[in-house]
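From first to last, the protein sequence lines are chains A and B.
Under my numbering, the first residue of the first sequence is numbered 1, with each subsequent residue one higher.
Under my numbering, the first residue of the second sequence is numbered 390, with each subsequent residue one higher.
No lab work stands behind these hints, which were simulated from the structure alone.
No residue lacks a Cβ here, since even glycine has one placed at the ideal position from N, Cα and C.
Please note that the accuracy of each hint is not assured.
What the hints assert, rightly or not - Derived, one-sided and incomplete: chain B residues facing chain A with beta-carbon distance under 10 Å: (1) Arg412; (2) Gln450; (3) Ile452; (4) Asp453; (5) Ser513; (6) Met657.
Unchecked claim - Stretch-level coverage of chain B by chain A, calculated; a stretch enters the list once three of its residues show a Cβ under 8 Å from a Cβ in chain A: (7) 413-427; (8) 462-473; (9) 486-497; (10) 520-529.
2 protein chains.
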Amino acid sequence: MRDVAIIGTGVTKFGELWYRSFRDIGIEAGLKAVADSGLAGNEIDGMYIGNMSAGRFINQQHIDALIADYSGMATNHVSCTRVEAGEASGAVAFKEGVMAVASGLQDFVVVAGAEKMTDIDDASITSILDDTADAEWEASMGLTLASLHAMIAKRMIHDGMATREEIASVSVNSHAHGALNPNAQYRKAIELKTVLNSGAVATPLGMFDCAPNSDGAAAVVLCPLERAKEFTDSYVKVASLAQTSDTLALFQRNSITSFAATVEAGKMAYARAGITPADISVAEIHDNFSVSGILALQDLGFYEKGKAGKAFLDGEVTLGGGKLTVNTSGGLKARGHPVGATGVAHIAEITDQLRNRADKRQVKDAKYGLAQSVGGTGSAVVVSILEAI
Amino acid sequence: MRDVAIIGTGVTKFGELWYRSFRDIGIEAGLKAVADSGLAGNEIDGMYIGNMSAGRFINQQHIDALIADYSGMATNHVSCTRVEAGEASGAVAFKEGVMAVASGLQDFVVVAGAEKMTDIDDASITSILDDTADAEWEASMGLTLASLHAMIAKRMIHDGMATREEIASVSVNSHAHGALNPNAQYRKAIELKTVLNSGAVATPLGMFDCAPNSDGAAAVVLCPLERAKEFTDSYVKVASLAQTSDTLALFQRNSITSFAATVEAGKMAYARAGITPADISVAEIHDNFSVSGILALQDLGFYEKGKAGKAFLDGEVTLGGGKLTVNTSGGLKARGHPVGATGVAHIAEITDQLRNRADKRQVKDAKYGLAQSVGGTGSAVVVSILEAI
């Protein structure tokens with residue numbers, strides 16, 4: 001298996017982009033990433049696209065062909081593959097792209113993630129998102145992703161594993177960083193009381209505990225590590241990645257205050273990279289709901305159970321706070337969460353951190369960075385570890 | 390890149406399976422394939438699933454997790470990835486699975502394709518299928534996949550490249566073989582006049598020129614070639630595969646009587662396998678409409694332009710007819726076309742042909758077999774070549 005490098009990144013503005021089309025933002029991210037990589041477009045021999053639900057959001061399926069076509073790649077008949085794994089779609093597309101290069105089947109691969117969510121009404125969006133829960137045993141009973149995560153939060157509070165304030169502070173951390181990210185949907189720092197006083201979505205979670213609906217796209221360019229220098233001096237190595245699964249329905253788990261799929265993916269990724277959580281300086285995690293941030297830091301081995309909430313509340317994972325900085329991009333809560341794009345945006349942010357291109361969000365002297373993406377309520381997890389060169 | 394073997398196949402009955410659920414048929418195919426392979430279930434370390442549109446057919450997304458869960462694989466947190474490329478979804482899932490093993494990331498991978506189409510009304514099914522055309526420039530104008538293929542057929546007839554009878558004979562070939570396949574949706578041979586007299590769908594294409602809407606699933610098990618003998622004496626080698634793209638909309642092509650994506654994928658696949666079309670004894674091609682069969686045999690280099698129709702009409706590609714036998718499974722027309730399953734069912738059929746397990750459909754002494762899958766109107770194509778061991 002060949003080592004793989006990331007040699008370019010491209011991210012669009014995230015937000016409610018009513019004036020832009022799906023194909024438009026997908027292509028923007030891809031072109032930015034290719035321009036950044038130093039590759040000529042005709043060198044690209046493979047594309048992957050992470051997308052959760054264009055078939056329902058914009059009535060367009062077969063978006064592999066759509067993107068190949070509108071990027072001009074169809075002229076050369078370049079292969080393009082769409083991957084879906086709920087909200088982890090972008091992360092799984094990244095994994096497939098890395099595999100394509102690692103296997104030797106392809107040399108220069110663009111991985112993009114894109115989603116256009118806000119052209120339809122909010123109730124329809126929620127209904128589509130809830131289809132990543134178990135349609136038969138959860139969604140049909142009225143359960144939503146928000147109410148499922150509210151149950152997790154309630155259980156955490158009940159078990160003394162986190163306080164309401166600690167849970168809310170995950171959103172405060174994301175907004176603190178989002179304020180520094182020009183592409184973020186929400187570029188405003190918020191106070192704890194804003195989260196605590198926000199309108200109830202599913203008690204105890206309020207509006208500010210929930211990532212928004214967003215439009216946006218992100219892309220990265222991959223090539224064999226040994227060839228990266230031909231194109232750029234600014235690249236990172238894919239140290240490892242791991243993908244895991246769990247039951248689709250939350251009620252079938254032994255515990256709902258830990259996602260076993262995250263625990264396993266983390267262990268596999270650390271082992272494959274030959275490092276421990278202590279080696280990671282910067283992490284992008286899947287804070288689709290505030291409480292998910294606490295789950296992630298504990299399940300990934302950064303904090304013991306019951307300790308991650310305090311780290312968020314104390315600002316320990318906020319820029320300048322401690323050894324590990326979390327969600328410098330603004331995370332899903334403040335950067336925005338165009339579901340299929342999120343996993344790739346994570347990778348782009350970690351890449352830019354490790355090559356010192358994160359501007360005001362820059363973490364100092366980071367050697368390793370980690371990205372975690374989650375589908376549904378921990379039903380599919382991808383953990384990727386990148387290494388500065 | 391490691392060589393990859395197929396060591397097991399499993400296919401469900403195809404048809405209108407109103408009494409069975411998506412998860413049910415997906416699991417049946419997977420379990421059959423694993424049982425056939427000789428692997429113990431707990432050795433499997435990766436799964437891929439080709440599916441076009443569960444989000445719209447059955448309101449269930451995140452079917453990677455659904456299948457991981459219901460197959461029992463989620464207990465071990467085995468990764469499961471869903472791939473979509475319109476009607477080529479199953480074939481692309483197969484390609485990703487082969488890459489996972491070839492890259493060394495995984496050793497024992499199950500690739501399944503599944504679709505449950507017939508639980509909703511026919512108009513809705515058609516609308517979903519048409520979303521693999523260009524939603525903005527084709528489907529919104531009232532174009533359907535049937536009418537797009539009717540235009541191709543008309544142009545072929547106009548250019549003297551095929552007669553109406555030759556086009557119709559593609560369906561006759563598929564039904565002749567479907568009659569021999571116990572899992573086929575339609576197990577009845579038909580006469581040419583049945584196709585010619587069938588009710589118009591989009592002139593010149595009638596009902597019997599069009600593949601049906603179907604439910605069904607298929608699966609294969611992959612492992613490194615050098616390990617295949619540990620599990621079974623009956624396996625085949627993946628000699629090569631290639632995936633290509635083209636414009637999403639048909640009107641943007643230079644020619645509509647040839648799919649350039651098929652031509653390119655074929656060339657790449659032959660080159661990678663080190664063979665020519667003359668080495669292929671058995672082929673499964675994407676006859677979603679009768680006319681597509683003629684396109685496929687010409688674009689894949691089996692016949693010159695304008696000659697494939699006569700081959701179908703003369704029975705040259707029907708069992709016992711000539712050097713190349715086409716769609717021994719019954720093809721999309723007679724075996725049925727559960728869109729996400731079709732590409733994997735193709736691979737299962739070729740595998741079973743090459744290991745002499747195709748019963749009444751068996752082609753003699755086949756060394757190489759080819760499978761072709763198409764998304765939309767030639768917007769994405771996968772060609773795989775398998776080799777008998």
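Each hint, compared with the structure:
1. Annotation: Arg412/B was flagged as interfacial toward chain A, and the flag holds, the nearest CB pair being 8 Å apart, inside 10 Å.
2. Checking Gln450/B against chain A by beta carbon gives a least distance of about 4 Å; that is within 10 Å, so the hint holds.
3. Taking 10 Å as the C-beta cut-off, the interface hint given for Ile452/B holds, the closest approach to chain A being about 8 Å.
4. Of the supplied interface hints, the one on Asp453/B holds, with its beta-carbon coming within about 5 Å of a beta-carbon of chain A, less than 10 Å.
5. Below 10 Å, beta-carbon pairs count as interface contacts, and Ser513/B has none with chain A, the closest being about 12 Å; its hint is therefore violated.
6. The restraint placing Met657/B at the interface with chain A holds, with a minimum CB-CB distance near 9 Å, inside the 10 Å limit.
7. Counting residues of the segment 413-427 of chain B whose C-beta lies closer than 8 Å to any C-beta of chain A gives 0; at least three are required, and the coverage claim is violated.
8. Under a criterion of three residues with beta carbons nearer than 8 Å to beta carbons of chain A, the stated coverage of the segment 462-473 of chain B is upheld, 10 such residues being counted.
9. Look at the segment 486-497 of chain B against chain A: 6 of its residues bring a Cβ nearer than 8 Å to a Cβ of that chain, three or more, so the hint holds.
10. For a cut-off of 8 Å, the count of residues in the segment 520-529 of chain B with a CB near a CB of chain A stands at 7, and the three-residue condition holds.
Checked against the numbered hints given earlier, the structure breaks hints 5 and 7 and satisfies all the rest.
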